[in-house]
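Asks: Produce the complete structure using the sequences and hints provided.
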Amino acid sequence: MLKSVVRAVGAAVRLSSVATSTARTLPLSCQTLCSPSSATTRPFTRSLWMLNNNGASSGYRPKLFSSKALNPSISCGCGSLHTEGDKAFGAFLSDEIKEELKIQKNSNLPKMSGGWELALNGTEAKLSRNVAGEKITVTFNVNNSIPPNFEEEAEQGQQKSAEEEPEIVSSPNFVVDVTKQGAKHSLVFDCHFPEDEVSHAEGEEESDIFAIREVSFQPEGDTDWKENSYTLNTDALDWALYDHLMDFLADRGVDNTFADELMELSTAVEHQEYIKFLENLHGFVKCN
Numbered sequence: 001m002l003k004s005v006v007r008a009v010g011a012a013v014r015l016s017s018v019a020t021s022t023a024r025t026l027p028l029s030c031q032t033l034c035s036p037s038s039a040t041t042r043p044f045t046r047s048l049w050m051l052n053n054n055g056a057s058s059g060y061r062p063k064l065f066s067s068k069a070l071n072p073s074i075s076c077g078c079g080s081l082h083t084e085g086d087k088a089f090g091a092f093l094s095d096e097i098k099e100e101l102k103i104q105k106n107s108n109l110p111k112m113s114g115g116w117e118l119a120l121n122g123t124e125a126k127l128s129r130n131v132a133g134e135k136i137t138v139t140f141n142v143n144n145s146i147p148p149n150f151e152e153e154a155e156q157g158q159q160k161s162a163e164e165e166p167e168i169v170s171s172p173n174f175v176v177d178v179t180k181q182g183a184k185h186s187l188v189f190d191c192h193f194p195e196d197e198v199s200h201a202e203g204e205e206e207s208d209i210f211a212i213r214e215v216s217f218q219p220e221g222d223t224d225w226k227e228n229s230y231t232l233n234t235d236a237l238d239w240a241l242y243d244h245l246m247d248f249l250a251d252r253g254v255d256n257t258f259a260d261e262l263m264e265l266s267t268a269v270e271h272q273e274y275i276k277f278l279e280n281l282h283g284f285v286k287c288n
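Note that full-length UniProt numbering numbers the sequence shown so that position 25 is 25, with each residue one more than the last.
Just so you know, these hints were derived from the structure itself, not from any lab. Just so you know, even glycine gets a beta-carbon here, dropped at the ideal spot from N, CA and C. Any given hint could be a false lead.
[As the list claims (entries may be wrong)] List time: in silico DSS-like cross-link candidates among lysine-lysine, alpha-carbon distance up to 27 Å:
#	residue 1	residue 2
1	Lys126	Lys276
2	Lys135	Lys226
3	Lys226	Lys87
4	Lys111	Lys126
5	Lys286	Lys102
6	Lys98	Lys276
7	Lys184	Lys126
8	Lys226	Lys105
9	Lys226	Lys126
10	Lys180	Lys135
11	Lys98	Lys87
12	Lys135	Lys184
13	Lys276	Lys111
14	Lys276	Lys102
15	Lys111	Lys98
16	Lys111	Lys135
17	Lys276	Lys286
18	Lys276	Lys87
19	Lys105	Lys126
20	Lys226	Lys180
[Claimed, not checked] Distance windows between CB atoms, simulated:
#	residue 1	residue 2	range
21	Asp224	Phe92	39 to 47 Å
22	Trp239	Ser107	41 to 49 Å
23	Leu241	Asn130	22 to 30 Å
24	Phe248	Gly182	15 to 23 Å
25	Asn108	Leu241	38 to 46 Å
26	Leu237	Pro110	28 to 36 Å
27	Asn108	Asp238	42 to 50 Å
28	His185	Asp251	18 to 26 Å
29	Phe92	Lys184	50 to 58 Å
30	Gln181	Ile103	40 to 48 Å
31	Phe248	Lys126	19 to 27 Å
32	Thr83	Lys105	33 to 41 Å
33	Phe248	Glu279	40 to 48 Å
Replies: Now the structure itself:
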């Protein structure tokens with residue numbers, strides 16, 4: 001009699017486990033995943049891609065995409081995915097491009113004073129000039145050059161008008177390379193625009209809008225920063241030495257005026273690249 005009771009209890013436990021396992025698989029049902037309003041659609045996106053990926057290492061692969069009802073309709077001959085979301089995305093991008101073109105100040109890039117020659121390679125820019133046998137080169141990249149402006153965040157329930165929105169300014173890090181004739185090494189300055197512009201000396205009328213972060217000698221003509229070359233960090237540098245380094249740059253045309261013009265140039269380049277990105281994204285979404 002006792003053995004019969006034990007068997008009955010064991011059978012009940014097994015049935016309960018099967019019911020629980022079945023219930024846990026319900027969120028992966030086709031009805032839930034295909035519903036646009038389902039809250040579980042986004043969390044399972046990566047899992048579904050893995051299950052449909054032929055390169056997965058798992059031997060077991062549920063046929064979640066075997067039904068023709070799940071295949072999207074193709075509206076052109078490119079064979080790519082086209083959805084109502086893509087259509088809405090394309091319309092939004094079209095409007096966004098028009099608005100960005102409206103606020104674009106000038107299709108031509110601003111000129112740098114001081115005889116600097118500009119060369120562009122995508123988001124990378126190089127400014128160069130020759131002074132009394134020395135070659136000065138300044139390079140920067142507009143990617144990630146727009147700092148976040150947390151102070152201008154609107155309060156909850158309030159929205160700022162277009163006139164009240166802060167102007168977007170690109171302030172990239174830049175590298176100054178000074179090369180002398182016959183020298184095997186160049187003196188390289190890693191510079192940036194600090195968030196807080198602090199004067200280096202009391203009574204100084206105008207503070208520097210850019211700062212030197214590091215200084216190092218690098219092989220002449222080598223574009224890669226050699227980590228085994230000694231690098232002078234200016235965080236704990238004597239102010240007198242630091243001021244001489246800033247004067248050294250100013251004598252070669254890298255001063256506050258240059259830094260102002262560089263930000264203006266970088267902002268224009270960044271905006272051009274942003275518009276190009278939106279246009280490429282629009283063409284990609286629409287499959288043009």
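Asks: If a hint holds in the structure, say so; if it doesn't, say that too.
Replies: Cross-check of the supplied hints:
no. : hint                        : result
1   : Lys126 - Lys276             : 20 Å, holds
2   : Lys135 - Lys226             : 20 Å, holds
3   : Lys226 - Lys87              : 49 Å, violated
4   : Lys111 - Lys126             : 13 Å, holds
5   : Lys286 - Lys102             : 23 Å, holds
6   : Lys98 - Lys276              : 12 Å, holds
7   : Lys184 - Lys126             : 21 Å, holds
8   : Lys226 - Lys105             : 39 Å, violated
9   : Lys226 - Lys126             : 20 Å, holds
10  : Lys180 - Lys135             : 7 Å, holds
11  : Lys98 - Lys87               : 17 Å, holds
12  : Lys135 - Lys184             : 13 Å, holds
13  : Lys276 - Lys111             : 21 Å, holds
14  : Lys276 - Lys102             : 14 Å, holds
15  : Lys111 - Lys98              : 26 Å, holds
16  : Lys111 - Lys135             : 19 Å, holds
17  : Lys276 - Lys286             : 15 Å, holds
18  : Lys276 - Lys87              : 20 Å, holds
19  : Lys105 - Lys126             : 22 Å, holds
20  : Lys226 - Lys180             : 19 Å, holds
21  : Asp224 - Phe92: 39 to 47 Å  : 41 Å, holds
22  : Trp239 - Ser107: 41 to 49 Å : 44 Å, holds
23  : Leu241 - Asn130: 22 to 30 Å : 27 Å, holds
24  : Phe248 - Gly182: 15 to 23 Å : 19 Å, holds
25  : Asn108 - Leu241: 38 to 46 Å : 41 Å, holds
26  : Leu237 - Pro110: 28 to 36 Å : 33 Å, holds
27  : Asn108 - Asp238: 42 to 50 Å : 44 Å, holds
28  : His185 - Asp251: 18 to 26 Å : 19 Å, holds
29  : Phe92 - Lys184: 50 to 58 Å  : 54 Å, holds
30  : Gln181 - Ile103: 40 to 48 Å : 45 Å, holds
31  : Phe248 - Lys126: 19 to 27 Å : 20 Å, holds
32  : Thr83 - Lys105: 33 to 41 Å  : 36 Å, holds
33  : Phe248 - Glu279: 40 to 48 Å : 42 Å, holds
In this structure, the hints that do not hold are numbers 3 and 8, in rising order.
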